[in-house]
Structure formats: C-alpha cells, structure tokens
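K.L.:
Listed below are the residues making up each chain.
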Amino acid sequence: MLNKDEIIAVLISTIILAFSITLIETWKIFFYALASVFILLFANILVKKITAFYYDAEVEVKLWEFKRFGFRQHWYTKKPFPAGALFPIASKIVLFPINSFVWMASLVFDVKAKTYRAAKRHGLYSFSEMTEDHIGYIAAAGIAINLILALIGYLVGFPLFSKLNIFYAFFNMLPISDLDGNKIFFGNLVLWCFLATLTLIALGYTFLLV
Amino acid sequence: MKTKTLKRNRENFLKKRKVTAAFAVIALVGGFIFLNRGITGNIILDSRYSFNAVSLIGLLLILCSSVLIAYSIKKR
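Sequences listed follow chains Z and E, in order. Each residue of the first sequence is one higher than the one before, counting from 62 in this note's numbering. Each residue of the second sequence is one higher than the one before, counting from 17 in this note's numbering.
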C-alpha cells in the first residue's frame, strides 16, 4: 500500500509536526500530538489512495518541496526547497503566541493513471491521463476525512486531535504551490468553495470554543 | 451504464443550484457571525479593537459565499 519513500515521508512529517506543535513541553503531550498527527496523516493518505483506486489511478505521497519561487523562468533554486519540513518549525517561531497553530501542510501527492484506465473507463485512449477534475476529487476526499475526524474527535472528547485535524485541513486548503487546495481549486472551484466554507467555519469555532 | 450515470449524478450533486445556494447562505451567515464586531462600523472609531484572526475568517467566508452566490445565479 505505502512504499518505503512514502513511509519515510509520513514519519518525518509526523515527527516534525508533533515537535513544532508541542516543542516537547512534556513527553505526554508530545506523544499525544505524535499519535494524533500520525492518525490524521494516515487517514488522509488512506482515503486518497482509496479514492484514487476508484478512479483507476495511483497516488504517491511525498514531502512538499518547491524549486520555482517566482513568475520568471529563471527564478528557481538549484536544489528543491524542503518547505514541508521547514515551514512548520518556522511558523512556530512566527505564530508562537497562538498555541498549537503551526503550518501543517507538509505532504503533497502525485497522481498517475493506471495503464488500464483508458480501456476500462472511457474507451481506448480517451481520457487515459488523469483529468484535473478527478485529481481535485482525490484531494477533496483527504480534506473531507480530516473534517469528519475533527468532528468525531470533538464529540468523543479529544480537543487537540480535533484542532489538529482542522488546522491540517485549513493549511492544505490553501490554493498555492502543489498543495491539495490548489488541486481542488483548479479542478473544481465550487467544490473548493464548499470545503473552504466548512473548513473556515470549523477553524472559527476552533478559535472561539475549543 | 447505470453506474456511470450514478457516478456522474454524485459528482454533479454539489453543482446543483439548491445545494450551492444553501451553502452560500451558510457561508454568509457564518461569515457575519465571525465578523460580528466589524459589522456596525464602530470598529473604525474604537482603537481597542485590533486585528483579529476570527474576523479574517469571517471575511474569507463571505468571499466564499460570494463565489457560490455568483455560481448559483449564473447556473441555469
């Protein structure tokens, strides 16, 4: 299901996120955050993989990196910048007063169509590649499961787990770079608006209530 | 054939006028709830009120609702 590179990416981002959220205040809180982050990342990836399977495609998860930083062609770095690993720690320094509010979008995914997709779905060679619409649905499934987990966590009585799910959904919904939000935004704007509405309402209540 | 139609219906469910309009209203109401202090305009005169993350969320919600309203009006 998950290959070696994917497992390493998930473990690295879990440790970085848990560290950034708690700064190892106490080991108990750190392990609680570690378990919460791992569950939410695992659920997110699992649902994306299932949705991709439904669309006859394969999802490969990796750490968020970017090379290009501007509009001009020569505005890029020689080596990819590991934004997924550095942004959570940097955001903790900038957003320190707001407790546990750190940049949580650290994983992105690539979608590849399976070889038999064309013949099976739409006739030979038509729509053999993934459409932006379908990539958007795969990304949206991940966001949706995080919002559902947040609701479950809130009802069951795990406020930190609930909070982290909402923060993860919020940061992933941003329509920038290679994040899920960008895929949904350019795949289906209306769907992005729906999910953004739900995420923002949840985020607002996180600041007011939880 | 039947499953393909069902799949398409499910995918287009969110684009129905009623659904988009309902979500637009939810987003608008949510936006105004989160904006609350900024609605009256007293925020300009009162220096005690500073920048608030919740108000920004309200603003973004209103932006989302405007997109949904535009879509539901435009859609025939």
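Hints are computed from structural coordinates only; laboratory data are not their basis. Careful: at least some of the hints might be erroneous.
Listing some non-contacts, in silico: residues in chain Z with all C-beta distances to chain E over 12 Å [what the hints assert, rightly or not]: (1) 66; (2) 91; (3) 108; (4) 126; (5) 137; (6) 139; (7) 140; (8) 156; (9) 162; (10) 171; (11) 172; (12) 256; (13) 260; (14) 263; (15) 264; (16) 266.
One side of the interface only, derived from the structure: several residues of chain Z facing chain E at Cβ under 8 Å [as the list claims (entries may be wrong)]: (17) 262; (18) 265; (19) 268.
If you want a taste of the chain Z side facing chain E, the calculated C-beta under 7 Å gives, among others [unchecked claim]: (20) 135; (21) 235; (22) 257.
A quick note: this is a predicted structure, and the numbers were derived from the prediction, not measured. Ideal Cβ placement from N, Cα and C applies to all residues, glycine included.
K.L.:
Hint by hint, say whether it matches the structure.
P.N.:
Results for each hint:
Every CB of chain E lies more than 12 Å from the CB of residue 66 (chain Z), the least distance being 31 Å, so the non-interface label holds. Non-interface call for residue 91 (chain Z) relative to chain E: holds, since the shortest CB-CB distance, roughly 25 Å, exceeds 12 Å. Against chain E, the non-interface label of residue 108 (chain Z) holds: every CB pair exceeds 12 Å, the least being about 16 Å. With a minimum CB-CB distance of about 27 Å to chain E, residue 126 (chain Z) clears the 12 Å threshold, and the non-interface call stands.
No beta-carbon of chain E comes within 12 Å of the beta-carbon of residue 137 (chain Z); the shortest separation is about 30 Å. Against the 12 Å criterion, residue 139 (chain Z) stays outside the reach of chain E, whose nearest CB is about 36 Å from its own CB. Even its closest Cβ contact with chain E, about 34 Å, leaves residue 140 (chain Z) beyond 12 Å, as expected for a residue assigned away from the interface. A beta-carbon of chain E comes within 12 Å of the beta-carbon of residue 156 (chain Z); the shortest separation is about 10 Å.
The Cβ of residue 162 (chain Z) sits about 9 Å from the closest Cβ of chain E, inside the 12 Å cut-off, so the non-interface label is violated. Every beta carbon of chain E lies more than 12 Å from that of residue 171 (chain Z), the smallest distance being close to 22 Å; the non-interface claim holds. The Cβ of residue 172 (chain Z) lies farther than 12 Å from every Cβ of chain E, with a closest approach of about 17 Å, so its non-interface assignment holds. Non-interface call for residue 256 (chain Z) relative to chain E: violated, since the shortest CB-CB distance, roughly 9 Å, does not exceed 12 Å.
Some Cβ of chain E comes within 12 Å of the Cβ of residue 260 (chain Z); the nearest lies about 10 Å off, and the non-interface call is violated. Not every Cβ of chain E is farther than 12 Å from the Cβ of residue 263 (chain Z); the closest lies at roughly 10 Å, contradicting the non-interface assignment. At roughly 6 Å from the closest C-beta of chain E, the C-beta of residue 264 (chain Z) falls inside 12 Å, breaking its exclusion from the interface. At roughly 9 Å from the closest C-beta of chain E, the C-beta of residue 266 (chain Z) falls inside 12 Å, breaking its exclusion from the interface.
Hint on residue 262 (chain Z) holds. Least Cβ distance to chain E is approximately 5 Å, under the 8 Å limit. The restraint placing residue 265 (chain Z) at the interface with chain E holds, with a minimum CB-CB distance near 5 Å, inside the 8 Å limit. Taking 8 Å as the C-beta cut-off, the interface hint given for residue 268 (chain Z) holds, the closest approach to chain E being about 5 Å. The interface hint given for residue 135 (chain Z) is violated, since its Cβ lies 34 Å from the closest Cβ of chain E, which is over the 7 Å cut-off.
Annotation: interface hint on residue 235 (chain Z) violated; nearest CB of chain E at approximately 11 Å, more than 7 Å. The beta carbon of residue 257 (chain Z) is positioned within 7 Å of a beta carbon in chain E (closest approach about 5 Å), and the interface hint is therefore held.
The structure is inconsistent with the numbered hints 8, 9, 12, 13, 14, 15, 16, 20, 21, although it conforms to all the rest.
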